[in-house]
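Trainee: Listed below, chain by chain, are the residues.
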Amino acid sequence: MVSFTLNGRQVSVDATANTPLLWVIRDHVGLTGTKYGCGAGLCGACTVHLDGKAVRACQTQASEVANKSVITIEGLSPNSSHPLQKAWVALEVPQCGYCQSGQIMKAAELLASNPKPNREQIVAHMDGNICRCGTYHRIIAAVEQASREG
Amino acid sequence: MTIAIKGSQEGSQVSRRGVLAGLGGMTFCLAFGTDGARLFSEAQANAMANAQVTPWVRIAADGTITILSAGAEMGQGSMTNLPMIVAEEMDADWSKVAIEMAPADASVYGYMMNNNVRMMAIVGSRATMLYYNDLRIAGAQVRKVLLMNAAERWGVDAATLRTEPGVVINPANGQRLTYGEIAAFGKVPAQLPKVDAKELKARKDWRLIGKGVARRDTPLKVNGTATYGIDIKLPGMVYATTLHSPVHNSAPESWNDAEVKAMPGVVGTVRLPNGVAVVADRFEQALAASNALKVAWKKGAAAGFNSVEALTRDYEKIHHDPNTKSEPVHTAGDAKAAFAAAAKVHKAEFHSDYGYHAQMEPLNAVARFNDAGDKIEIWEGTQAPDLSRTAVAQALGFKEEQVTHHQCYLGGGFGRRNGGMEAVEAAQIARAVRRPVKLIWTRTEDLAQGRFRPQSFQCLEAATDASGKVTGWRHCVIGDGGNALLTGGMRIGYYGVPNQSLELRGISHGVQIKHWRAVAHVFNVFAIESFIDQMAVDANMDPIQFRFERMGATPKARACFETVARMCDWKAARPQGRAIGVSISERSGSLGAGVAEISVDRTSGKIKVHKVWVAVDGGTIVSPGPAKANIESAIIYGLSSVLHERVTLKDGAVEQTNFHDYSLMRMSDLPDEMHVQFVDVDTRPTGLGEIGNPFIAAAISNAFHRLTGKRLRHLPFTPERVLEALKA
Numbered sequence: 001m002v003s004f005t006l007n008g009r010q011v012s013v014d015a016t017a018n019t020p021l022l023w024v025i026r027d028h029v030g031l032t033g034t035k036y037g038c039g040a041g042l043c044g045a046c047t048v049h050l051d052g053k054a055v056r057a058c059q060t061q062a063s064e065v066a067n068k069s070v071i072t073i074e075g076l077s078p079n080s081s082h083p084l085q086k087a088w089v090a091l092e093v094p095q096c097g098y099c100q101s102g103q104i105m106k107a108a109e110l111l112a113s114n115p116k117p118n119r120e121q122i123v124a125h126m127d128g129n130i131c132r133c134g135t136y137h138r139i140i141a142a143v144e145q146a147s148r149e150g
Numbered sequence: 151m152t153i154a155i156k157g158s159q160e161g162s163q164v165s166r167r168g169v170l171a172g173l174g175g176m177t178f179c180l181a182f183g184t185d186g187a188r189l190f191s192e193a194q195a196n197a198m199a200n201a202q203v204t205p206w207v208r209i210a211a212d213g214t215i216t217i218l219s220a221g222a223e224m225g226q227g228s229m230t231n232l233p234m235i236v237a238e239e240m241d242a243d244w245s246k247v248a249i250e251m252a253p254a255d256a257s258v259y260g261y262m263m264n265n266n267v268r269m270m271a272i273v274g275s276r277a278t279m280l281y282y283n284d285l286r287i288a289g290a291q292v293r294k295v296l297l298m299n300a301a302e303r304w305g306v307d308a309a310t311l312r313t314e315p316g317v318v319i320n321p322a323n324g325q326r327l328t329y330g331e332i333a334a335f336g337k338v339p340a341q342l343p344k345v346d347a348k349e350l351k352a353r354k355d356w357r358l359i360g361k362g363v364a365r366r367d368t369p370l371k372v373n374g375t376a377t378y379g380i381d382i383k384l385p386g387m388v389y390a391t392t393l394h395s396p397v398h399n400s401a402p403e404s405w406n407d408a409e410v411k412a413m414p415g416v417v418g419t420v421r422l423p424n425g426v427a428v429v430a431d432r433f434e435q436a437l438a439a440s441n442a443l444k445v446a447w448k449k450g451a452a453a454g455f456n457s458v459e460a461l462t463r464d465y466e467k468i469h470h471d472p473n474t475k476s477e478p479v480h481t482a483g484d485a486k487a488a489f490a491a492a493a494k495v496h497k498a499e500f501h502s503d504y505g506y507h508a509q510m511e512p513l514n515a516v517a518r519f520n521d522a523g524d525k526i527e528i529w530e531g532t533q534a535p536d537l538s539r540t541a542v543a544q545a546l547g548f549k550e551e552q553v554t555h556h557q558c559y560l561g562g563g564f565g566r567r568n569g570g571m572e573a574v575e576a577a578q579i580a581r582a583v584r585r586p587v588k589l590i591w592t593r594t595e596d597l598a599q600g601r602f603r604p605q606s607f608q609c610l611e612a613a614t615d616a617s618g619k620v621t622g623w624r625h626c627v628i629g630d631g632g633n634a635l636l637t638g639g640m641r642i643g644y645y646g647v648p649n650q651s652l653e654l655r656g657i658s659h660g661v662q663i664k665h666w667r668a669v670a671h672v673f674n675v676f677a678i679e680s681f682i683d684q685m686a687v688d689a690n691m692d693p694i695q696f697r698f699e700r701m702g703a704t705p706k707a708r709a710c711f712e713t714v715a716r717m718c719d720w721k722a723a724r725p726q727g728r729a730i731g732v733s734i735s736e737r738s739g740s741l742g743a744g745v746a747e748i749s750v751d752r753t754s755g756k757i758k759v760h761k762v763w764v765a766v767d768g769g770t771i772v773s774p775g776p777a778k779a780n781i782e783s784a785i786i787y788g789l790s791s792v793l794h795e796r797v798t799l800k801d802g803a804v805e806q807t808n809f810h811d812y813s814l815m816r817m818s819d820l821p822d823e824m825h826v827q828f829v830d831v832d833t834r835p836t837g838l839g840e841i842g843n844p845f846i847a848a849a850i851s852n853a854f855h856r857l858t859g860k861r862l863r864h865l866p867f868t869p870e871r872v873l874e875a876l877k878a
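In order, the protein sequences belong to chains C and H. The opening residue of the first sequence carries number 1 in the working numbering; numbering runs sequentially from there. The opening residue of the second sequence carries number 151 in the working numbering; numbering runs sequentially from there.
Hints are computed from structural coordinates only; laboratory data are not their basis. None of these values were measured; they are calculated from a predicted model. Hints may be right or wrong, so weigh each one.
The calculated lysine-lysine pairs, modelled on DSBU-like cross-linking and capped at a C-alpha distance of 30 angstroms, are [unchecked claim]: (1) K361/H <-> K86/C; (2) K86/C <-> K53/C; (3) K86/C <-> K761/H.
Chain C extracted, bound-state conformation (with noise of 0.2 angstroms):
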């Protein structure tokens, strides 16, 4: 039994130390935004925040958040109404959409500690989540638009 908050909530699972949060989260609780790409902390699908960290839940063990504060894509914000979310939708960045959860996951870390970063700041940050659809590009331009009207 590993005890945690998820999304401002206290939530006991019935799951085993090692058991990856990835799992957890999707199939023990059952909040299915948090994607599975790859299972090895290589594609960054499965990008949450762990006490406003971002990591990757693939490679997280449940063990490793118990009492801990984990935020996924539903606990974003309430609505999309992060400034992320909008300006994601403002520029129509996802695709097949797979991958972006964690994308949006990854740059709100970068956006909490950095309000303003340049291009190379986003890049630097972002560069471990892949997007095969190649929206790259629209990922910066949101990211940058995020941060002007945030």
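Mind docking chain H on chain C? Use the hints.
Mentor: Just chain H now, kept in the frame of chain C:
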């Protein structure tokens, strides 16, 4: 689950059919026959129930218009695009349109391919291109019925009435009836009005087509609520993952069954034709058990296969062996005579490696039988729900009516999600364990069991006459995959070379291969356009001018070249250490000329692409935003494959295992600038999902030659190959 979206901005997901069924209103039933799309009244449709007539357009009394979409949504926007075409001709109020995914029944919802076969497979950029005319006519018929009903109510001639979005208006007295109001009393005539192509809206009157209509799936894709196949959860569902034979399609002989079954949560193991599935209460348990599997495999067809040796040694032997079977792909004029009379003969050879789709969502499917075990439901995101349904039915010994397919969003397609393999596996596993099952392939399995863009060897020859014009053309492609996977892009109809001989020499390796975003265009266009650049250099001519004067570029091709030349200021000097290259490609009726500006790090061998310009003739652009996004996406997909991606097989097995050794392009490799422009034409829409991809390899290699005087002849242009080329 069927994806249904209500409202234009909010993008909420509502359940299918039934939500609106209770509201009353008119139902139009549409079927595609050999004479195109036809609408039927509900009574008529009911009478035709056994003929599988299914409703496409429903108008509820509250004004909600539900339009079914046959556009599998994998990021290209077809789910929104196709209903928008219907809505345009209906003159519907787009904010009142709800979209539902069409059932997996190609006889009703398919587009017409060759040989009178209807298909729903959204492949080869076909969705808008092939549904466009039928959907416009269907929408216009609905509008006519609405007008007829309003005319009858008002006692006036329908021809005197007009429509505005969602409303029929009588200009004589200003009377108005909304489509919802008409639906409340209206009747669909037994014989639906015919619509002549001339009656369709003029381009100048379009309110939706060619305008900025937002994709309905976007809002769901920024807050985690878009439902992909992998997200489906059913009561009592168990989880499965599979271990397939490392050498493709070998049967399992035996495995440590007792050991695996004793692991925590394991429900059972299932023998598959080419693998072993492990089923558990939780996915992490299935994964752990799968990792513990030790399987003895039967010998597979590809046993001992070494892809590098085959490509560099065997393929060349095949080409030079006069006894190998040659399959003609296309002939024009008399190539033999042209070469015999040539003032000069030019030759070039090129290689290309296997490529993997790397769609972000690994293959998966959910399957559930009914209690009697004689019906099954499948949930998955697939490019071809019709093929998936057929494959599941065949595998289970069912009739198609026993299989219900629920389309979901696709986390990338690119040709991979098409054929129903994973749905069949999920069905087989669900039958064996008698529980609803979610099957998820791991990334490593998705890669090891890839269905690759085939590797190939290209041999080209051209004959030029005394004036330097290209009069003869020979192109031989060698590889595995036959006509379907190897010959696309060989035809150079956008040039005017009079004498041509295109041929295929095949070999079979037993390795899984498949369509891949523009497949053969990738390596054929690379070879063709690099070869032409080589001839232009030999002739000391500007490469675009060479294509105009010596290759006889068609007016359509010229327009693309001229547009892209303007876009990139073709003649302008480039910054120190940079050069540009040009290339052109046809795909699914579209034509695209592109230019890449690159630099090369001569120490590391790394190519950096700084800028890309592309001019596309894609016919009428139905949805400009997604159209541009599709081209941008294909440019990046192309760059990634050209600079990074390489699958190799050794001893019959794939050597790469995940994204650390199958590298995809990341944000830091992004060009500084990408410019996409559509040539303004009034012709029917053509495919746009792939046209941005095939030109890129030769644009880069031609720029590389201009920069270094060396030619790249093997895809991908890995740093090792670049360094090798620089040394040559």
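Trainee: Decide, hint by hint, whether the structure agrees.
Mentor: Each hint tested on the structure:
no.	hint	result
1	K361/H <-> K86/C	21 angstroms, holds
2	K86/C <-> K53/C	22 angstroms, holds
3	K86/C <-> K761/H	28 angstroms, holds
Violated hints are absent here; each numbered hint is respected by the structure.
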